[in-house]
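First residue of the sequence shown: -16, per our numbering; consecutive thereafter.
Do not take every clue at face value.
What follows is a set of in silico ranges between Cβ atoms, one per label pair, in the way DEER data are often shown [unchecked claim]:
1. Pro319 <-> Val143: 49 to 59 Å
2. Glu222 <-> His287: 13 to 23 Å
3. Thr461 <-> Gln122: 52 to 62 Å
4. Gln82 <-> Thr443: 17 to 27 Å
5. Leu90 <-> Ser368: 31 to 41 Å
6. Ser368 <-> Ala411: 56 to 66 Å
7. Glu492 <-> Asp81: 51 to 61 Å
Calculated lysine-lysine pairs in the DSS-like style (CA-CA distance at most 27 Å, straight line) [unchecked claim]:
8. Lys89 <-> Lys211
9. Lys234 <-> Lys211
10. Lys211 <-> Lys316
11. Lys89 <-> Lys79
12. Lys356 <-> Lys316
13. Lys234 <-> Lys129
14. Lys234 <-> Lys79
15. Lys79 <-> Lys129
16. Lys177 <-> Lys211
The set of hints was computed from the structure by calculation and includes no laboratory data.
Backbone N, C-alpha and C define an ideal beta-carbon position, used for all residues, glycine too.
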Amino acid sequence: MKRKRAEPQLSAFAARRKAAAELEAQRVLQSQSSTVDTPSDELSQEDGSDIEVDGNLDVHSNLDITGSSVDNVHQTRSAQVEEAQKAASFSVNVHKSDQGLVLGLKLDTRVAIQGHCNFQVVAGSIDFYGAHLSSGDRQYQLSIPKGESLPVMSTVQSSVVQQDYFSDPVLALVRFTRCDNGLLDALDNYPITKSCFAAANSQRDRDVAVMFSSPEIAGHSVPDSWTKAIATHLTAFQEAELSCTALIGGKGAGKSTLARYLLNGSLTAPHTTGSGGVYYLDLDPGQPEFSVPGTTSLFFFPHHSSPLFSAPPYHTSPHGPVRSHWIGETSPKEDPNHYMACTADLLNTLLQHHRQDSASRSTIIINTPGWIKGTGLDLLQSLQSLLLHHHQEHHFSTTPVLLGSTTDQSLSGTPIDSVRRTVVGPTASDHRTTHLLSYFHRMTSFAQWHPGPVTGTSFTARYGRVPVAVVREVLDPTDLVPAINGTLVALVLMDSDGLAGLERDVTPEGLILLHSHGQVLDPASSRCLGLAIVHGIDLRDRTISLITPVPLDRVTQALSGEEVVLCTGSIEVPIQFMTSGYTEGQERPYVTHQPGHGVGWQSWHVRRNIGRRVRNGQA
């Protein structure tokens, strides 16, 4: 008897591809056999697949399927088909119309969003980015570029909503519409940001519409330890008059993402009436959430404020900083004492602001730098001591949260899991560049971006009204004009007490130089209003031209009792500002293609080998 030849077994990858191909062929046959167009389309995606949406919105469907994990790499083809069919049963309902795109969310359906759009909960309730959203008229802006961790949208109730969009029962309806606030036009000016929100085959003149599916991207998964930390924070927020959660961990551990979950959860949590809210201490000058690079800031979000669903460069919160300080560096390592002095001043400002309404109930979220070794560890310990001091003096609860296992054990707090990036994203330098590009295109409303050249927000000021302070450096007055022309400076407001201790000198061109003798400005008598670019210095008219998104009326209001000082730092003007908008052969100011041309043409480098060279007799 001839033995029947055994059917060769396919690998898991090959079997999954065949199963997906068969399902796609079945869909094609079904679509061809259908002769009646229905008002809604149902998209069935294999597990881990994504739905790309045009109109600068990508909707990725990441479906949680119980019992569908592949434990055997030699799983048979029939098992793979059965698994894919089971995944397809968890589907996303999509309805397209002139009013946008409506998603119908079923039970156990999780949808991760990437792109730039507005969305509104039409019916039901959802959990999204830590926020609990119910149906209503409020619209939210979402700006999640490529390379960022994708927030996941899911249902929170088991009751079916009444709707006329789909034949299948759904638990929530979410409508997505185009967002035309000038952001995409502004980002189109620079190659580094031009494709941040571009979907494949996307067209600007089309409405939001499903284009294709892609299996490469999955949504952000929240660990159980994060869920417990968020619950602990919200409980303290509802019970204590003033609670505090400080996030401590290394770079890339997920501090900013967790802080966003805590903020959105606090803004949408049930609370008592009053004028309280959420205080956000942005203490990372290199990767700030709301402030600009090179600064540390205090923000306050009152109750009923809209939660935020965008990446840091594209936040549209109307609430500006309560107080901000210019660090001038991307890390506190250049001047740790000044960094701690700024932190203490921000915390004192927070407590004074909270004492204005004794009946308010508020919470504090602190995002710290990712420097957790050496001097950075000493700074974190000083921060904990500062919080402990205010905790004992003002009687508020503090919960330090330690992310990751690399954090030193000398720091007290609740350890939780770190969540590392699973996709290759922009570097920290790219994030700062994008942040600055977005910042200088901001308009007065802060929710709109100027689509044209950045020079559209410039204004001029007289020499005598704007003195200049060079921090951490000693500069000869004759070198001030070439030192600040075409550079990025901070608009710092100083009161009379702070200015009294500084010597003034007048340069040959007529500019006023404040001699700080290499020291920084006292944070108790100064505050940062924003950043500006020195566009040019007119020696004949004795004026200085500045480019800044800070409204002129805000500068004028701040001048009552204070004086604006231009402070230098190591934050540089993005090169994209100097190269965009010019055609080939056109002269570009401050830019040269000749290597080794001019004084100061090389980039700055930190010299860490001087002591070693002195010991070896080489210097």
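### Query
Does the Cβ pair Leu90, Ser368 satisfy 31 to 41 Å?
Check failed, 48 Å falls outside 31 to 41 Å.
### Query
Between Glu222 and His287, does the C-beta distance stay in 13 to 23 Å?
About 20 Å separates the Cβ atoms of Glu222 and His287, which means 13 to 23 Å holds.
### Task
Could you check the hint for me, namely that Gln82 and Thr443 are 17 to 27 Å apart, CB to CB?
46 Å, violated
### Query
Is it true that the CA of Lys89 sits at most 27 Å from the CA of Lys79?
With a Cα-Cα distance of about 18 Å, the restraint between Lys89 and Lys79 holds, given a limit of 27 Å.
### Message
Between the alpha carbons of Lys234 and Lys79, is the straight-line distance 27 Å or under?
### Response
41 Å, violated
### Query
Does the structure keep Lys234 and Lys129 at a Cα separation of 27 Å or less?
20 Å, holds
### Query
Do the alpha carbons of Lys89 and Lys211 lie within 27 Å of each other, as the hint requires?
26 Å, holds
### Query
If you draw a straight line from the CA of Lys234 to the CA of Lys211, is it 27 Å or shorter?
22 Å, holds
### Task
For the pair supplied as a hint, Lys211 and Lys316, confirm whether the alpha-carbon distance does not exceed 27 Å.
Not OK: Lys211 and Lys316 at ~33 Å, beyond 27 Å, violated.
### Query
Regarding Pro319 and Val143, is the given constraint of 49 to 59 Å on their beta-carbon distance met?
Given range 49 to 59 Å: holds, Cβ gap about 57 Å.
### Query
Do the alpha carbons of Lys79 and Lys129 lie within 27 Å of each other, as the hint requires?
With Cα atoms ~24 Å apart, Lys79 and Lys129 stay inside 27 Å; holds.
### Query
Keeping to a limit of 27 Å between CA atoms, is the pair of Lys177 and Lys211 held or broken?
Violated, at about 39 Å.
The structure fails to meet hints 4, 5, 6, 10, 14, 16 from the earlier list, while all remaining hints are met.
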